[in-house]
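S.K.: So you can see what is in the structure, the chains are spelled out below.
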Amino acid sequence: MKKAQEIVLGVVTSIGGFLEIGSLSTAVQAGAAFRFQLVWAVLLGTLCLIFLVEMAGRFAAVSKHTVTDALRERFGFNFFSFVFLGVTLVDLLVLGAEIGGVSLALQLLTGIALRWWALPVGFAVWLLLWKGSFGMIEKGASLLGLVTLCLVVGAVLLHPPWRQVAAGALPSLPQGESAHYWFLAVSILGASISPYLFFFYSAGAIEDRWDESYLGTNRAVSGLGMSFGALIALSALVLAAGVFGPRGITQLDSYDQIALLLTPVLGRWGFWLFAASLGIACFGAALEIALEIAYRAAQGFGWNWGEDLKPAEDSGFASVYTLALVVGVLLVVVGLDPLKLTVFSMALTAATLPLSVVPFLVLMNDERYMGEHRNGRLSNAVVLFIVALSFVLAVVSIPLELLGGS
Amino acid sequence: MPKEATAVAAGRALLLAPLLTLSACAKDASASLTTVTSWAATARLAGESWSAGRVPTPYTRRALEAAEKGIAEAEKDLAKAEDLPAARGDALRRVTGTLRQAVSEARAAVERRDRGALSPALARLAAGERAVATARNSGGGGR
Numbered sequence: 001m002k003k004a005q006e007i008v009l010g011v012v013t014s015i016g017g018f019l020e021i022g023s024l025s026t027a028v029q030a031g032a033a034f035r036f037q038l039v040w041a042v043l044l045g046t047l048c049l050i051f052l053v054e055m056a057g058r059f060a061a062v063s064k065h066t067v068t069d070a071l072r073e074r075f076g077f078n079f080f081s082f083v084f085l086g087v088t089l090v091d092l093l094v095l096g097a098e099i100g101g102v103s104l105a106l107q108l109l110t111g112i113a114l115r116w117w118a119l120p121v122g123f124a125v126w127l128l129l130w131k132g133s134f135g136m137i138e139k140g141a142s143l144l145g146l147v148t149l150c151l152v153v154g155a156v157l158l159h160p161p162w163r164q165v166a167a168g169a170l171p172s173l174p175q176g177e178s179a180h181y182w183f184l185a186v187s188i189l190g191a192s193i194s195p196y197l198f199f200f201y202s203a204g205a206i207e208d209r210w211d212e213s214y215l216g217t218n219r220a221v222s223g224l225g226m227s228f229g230a231l232i233a234l235s236a237l238v239l240a241a242g243v244f245g246p247r248g249i250t251q252l253d254s255y256d257q258i259a260l261l262l263t264p265v266l267g268r269w270g271f272w273l274f275a276a277s278l279g280i281a282c283f284g285a286a287l288e289i290a291l292e293i294a295y296r297a298a299q300g301f302g303w304n305w306g307e308d309l310k311p312a313e314d315s316g317f318a319s320v321y322t323l324a325l326v327v328g329v330l331l332v333v334v335g336l337d338p339l340k341l342t343v344f345s346m347a348l349t350a351a352t353l354p355l356s357v358v359p360f361l362v363l364m365n366d367e368r369y370m371g372e373h374r375n376g377r378l379s380n381a382v383v384l385f386i387v388a389l390s391f392v393l394a395v396v397s398i399p400l401e402l403l404g405g406s
Numbered sequence: 001m002p003k004e005a006t007a008v009a010a011g012r013a014l015l016l017a018p019l020l021t022l023s024a025c026a027k028d029a030s031a032s033l034t035t036v037t038s039w040a041a042t043a044r045l046a047g048e049s050w051s052a053g054r055v056p057t058p059y060t061r062r063a064l065e066a067a068e069k070g071i072a073e074a075e076k077d078l079a080k081a082e083d084l085p086a087a088r089g090d091a092l093r094r095v096t097g098t099l100r101q102a103v104s105e106a107r108a109a110v111e112r113r114d115r116g117a118l119s120p121a122l123a124r125l126a127a128g129e130r131a132v133a134t135a136r137n138s139g140g141g142g143r
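Here the protein sequences line up with chains V and X, keeping their order.
The numbering of the first sequence is our numbering, which starts it at 1 and goes up by one.
The numbering of the second sequence is our numbering, which starts it at 1 and goes up by one.
Please keep in mind that the hints were generated in silico from the structure rather than gathered at the bench.
As the structure is a prediction and not an experimental result, all values here were calculated from the model.
Any given hint could be a false lead.
[To be verified] Simulated restraints on C-beta separations: (1) X/Ala52 / V/Arg115: 45 to 55 Å; (2) V/Ile112 / X/Arg113: 17 to 27 Å; (3) V/Arg115 / X/Lys76: 19 to 29 Å.
Note that CB positions come from ideal geometry on N, CA and C, so glycine has one too.
Pulled out of the complex, with its shape left as it was, chain V reads as follows (with noise of 0.2 Å):
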């Protein structure tokens, strides 16, 4: 029974968890430029969440490590430290992306502009971190993150063509724009599978001491909440899809643009409901992220760690995410546009992908550390696929539309 309300719980979480500023962005530009075409990359890049996430549980549960410190003590302290400059670096650019979607949604419901919000989200987010437990800061946010469910109402309102939706599932070619298209087709890839969710997860385990017994909970979250999660952005994309497209509106440059994502369907509701979903996401999304960086460095650097440790007794820890947050707010505060900041610091997410999960993939085949759990030849195959194409993909994309190429 206790398992079975785990399951759910973690379920419910994963739901409320998934939706931030780089999946709902990147979800609605496709919608409204390619209309169903790109539904085959939320499917594409969630299928690797699942077996990525299900793998550092299941790495958690069983090695009794983090994902980082097992780096750290597998590879050596040369190599982590190239592992987490990179890593980190773009993790710093999605803080900034998260803490701008917060400020934005603050905006919408304000009418003040978003930049005098970034200095207060920034403390919020710190003193949430400083005074809070994990356990309220991973169920708190994920639960009042079920707010984004508005996004599948909506998307069940609009009667899509449920068959010109399914037909997306599977690749094809842009009649034009290819650039763009493809671009796009990475942003989504590097949403979906950022690591900070499957580094925030293995150490999430850690917190919760998951053991051998946690297996089976970890398969059930993993799978059933990503998947849920998904549809939460399949959703952005089958609004923006049925709302902008129709209207001529296939160019999203500003979130003032993306805001209108529901009125049309919902009305009056619609606003609100967007404000409240991209400010409660974001702001979830801000707190794992800073959470996961200041993991990262106190797990690789051998400094006491643990978001239910008093800040005196894991001061490194506690340092680390409030410069992160700092730098966050000054990427909002200097005045960068946050919808460039997202998509590009999403694209930058997938091309950096081999550097975090190559090297995860080798742990979680290391009889050391996994006995008889390690990898199965399908889940190294599938995650070794998606992340090569996303790494090519991206590599060749970015400089395209950078350059304004077609």
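Go by the hints and put chain X onto chain V.
M.R.: Just chain X now, kept in the frame of chain V:
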């Protein structure tokens, strides 16, 4: 310039420099027209939603401001487009100028909270969008 503003500008320039360098190439006419159409349609949707009481005034004002700016930037890109004959370019710029003017009128109506004055501006936007679509279909900047 105050010190704070200088620091903000310097920080932004430092962070945006690589992106701006790479994206400095002129857009082609079709891309600029897509931008114009998207912003004009956004302005119309925001205006209609405001008229129906579905979105708040501060948001609508901001969205219309962004639309005006977006169309003005696309107009500049259109002027630099190398794949557009001069006569066709002039005709398209007249249409985009009309659209920008209509967005500006819509913004003024929203600022005065004058729903009556908004309707004709939205009608002009719709007519302008149709004119751009016609121009594109007849080969004006289509790819």
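S.K.: Checking each numbered hint in turn, tell me which of them this model violates, lowest number first.
M.R.: Violated: hint 1 alone.
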